[in-house]
Amino acid sequence: MISSAIDPISFFGGEYKAGDDPINMGSPLTGTIESGCHTVVHRWVGNSRMPNNEDMGNFYSAGYDPIFYVHHANVDRMWKIWKGLGIKGHHDPTDEDWLEASYVFYDENKQLVRVYNKYCVDTEPMGYEYEASRIPWSRNRPIPRTKKPKIAARSAGRVIKVEDVKFPVKIDRIVKVLVKRPALKRSK
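The sequence shown begins at 1 in full-length UniProt numbering and counts up by one.
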């Protein structure tokens, strides 16, 4: 959510076109929330004994599962946290097509109602707010890579070479170790 999602599209995902597979994890159309915890929970809770992975695992039946509403409330909570981090680009979508997109649901009286995206991005007008919670991970940003490892090591604080560490290490303090990457057969 923090390092990869720089704007609403990279958080939620891009525009789907006819023929696209929205469940295809890793697709360039999926954002960090869609390719991560949102889709994973749908698949995990879906009923694999059913021919189409019914209930949470399939779009047409997901709303029949009571966990659907708790799950999407949590996605909304993550959206609120993401927007509240104070990072440039973390804001509600502004694309008119997205804002005007709508969905039809049954209300508590079994009446069809149309719900628009534009009315769902801010929870306050809907009458609820999420309780503030500690998010210590928001202050733990990855240290940017540099081309000179010595500079990166200095910026990370006191760092020792892995060869100089005596194992086992007592974990009563932070231990930072510089691990040299292999020159051959290394990943990008």
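Warning: the hint list may mix true and false statements.
Unchecked claim - Between beta-carbon pairs, the in silico distance windows are: (1) Glu100 - Tyr64: 20 to 30 Å; (2) Trp137 - Arg181: 19 to 29 Å; (3) Asn117 - Pro66: 15 to 25 Å; (4) Asn47 - Val175: 40 to 50 Å; (5) Tyr64 - His91: 48 to 58 Å; (6) Asp95 - Phe167: 48 to 58 Å; (7) Arg181 - Asn52: 21 to 31 Å; (8) Thr94 - Tyr128: 19 to 29 Å; (9) Val40 - Trp98: 19 to 29 Å; (10) Ile160 - Leu85: 14 to 24 Å; (11) Asn47 - Ala183: 43 to 53 Å.
Unchecked claim - Below, computed lysine to aspartate or glutamate pairings styled on DMTMM-like, alpha-carbon distance capped at 20 Å: (12) Lys118 - Asp95; (13) Lys83 - Asp7; (14) Lys80 - Asp65; (15) Lys110 - Asp7; (16) Lys80 - Asp95; (17) Lys83 - Glu34; (18) Lys110 - Asp164; (19) Lys161 - Asp172; (20) Lys185 - Asp164; (21) Lys110 - Glu124; (22) Lys80 - Asp107; (23) Lys118 - Glu34; (24) Lys83 - Glu129; (25) Lys176 - Glu163; (26) Lys80 - Asp122; (27) Lys88 - Glu100; (28) Lys80 - Glu34; (29) Lys110 - Asp76; (30) Lys180 - Glu163; (31) Lys80 - Asp164; (32) Lys118 - Asp107; (33) Lys118 - Asp172; (34) Lys83 - Asp65; (35) Lys88 - Asp7; (36) Lys83 - Glu124; (37) Lys88 - Asp107; (38) Lys80 - Glu124; (39) Lys83 - Asp107; (40) Lys80 - Asp92.
Bear in mind the hints are in silico, worked out from the structure with no lab data behind them.
Everything numeric in this text was worked out from a predicted model, so none of it was measured.
We put the CB at the ideal spot given by N, CA and C, even for glycine.
*Can you name, in rising order, the numbers of the hints this structure does not satisfy?*
5, 7, 10, 14, 15, 18, 20, 21, 22, 27, 29, 31, 33, 34, 37 and 39
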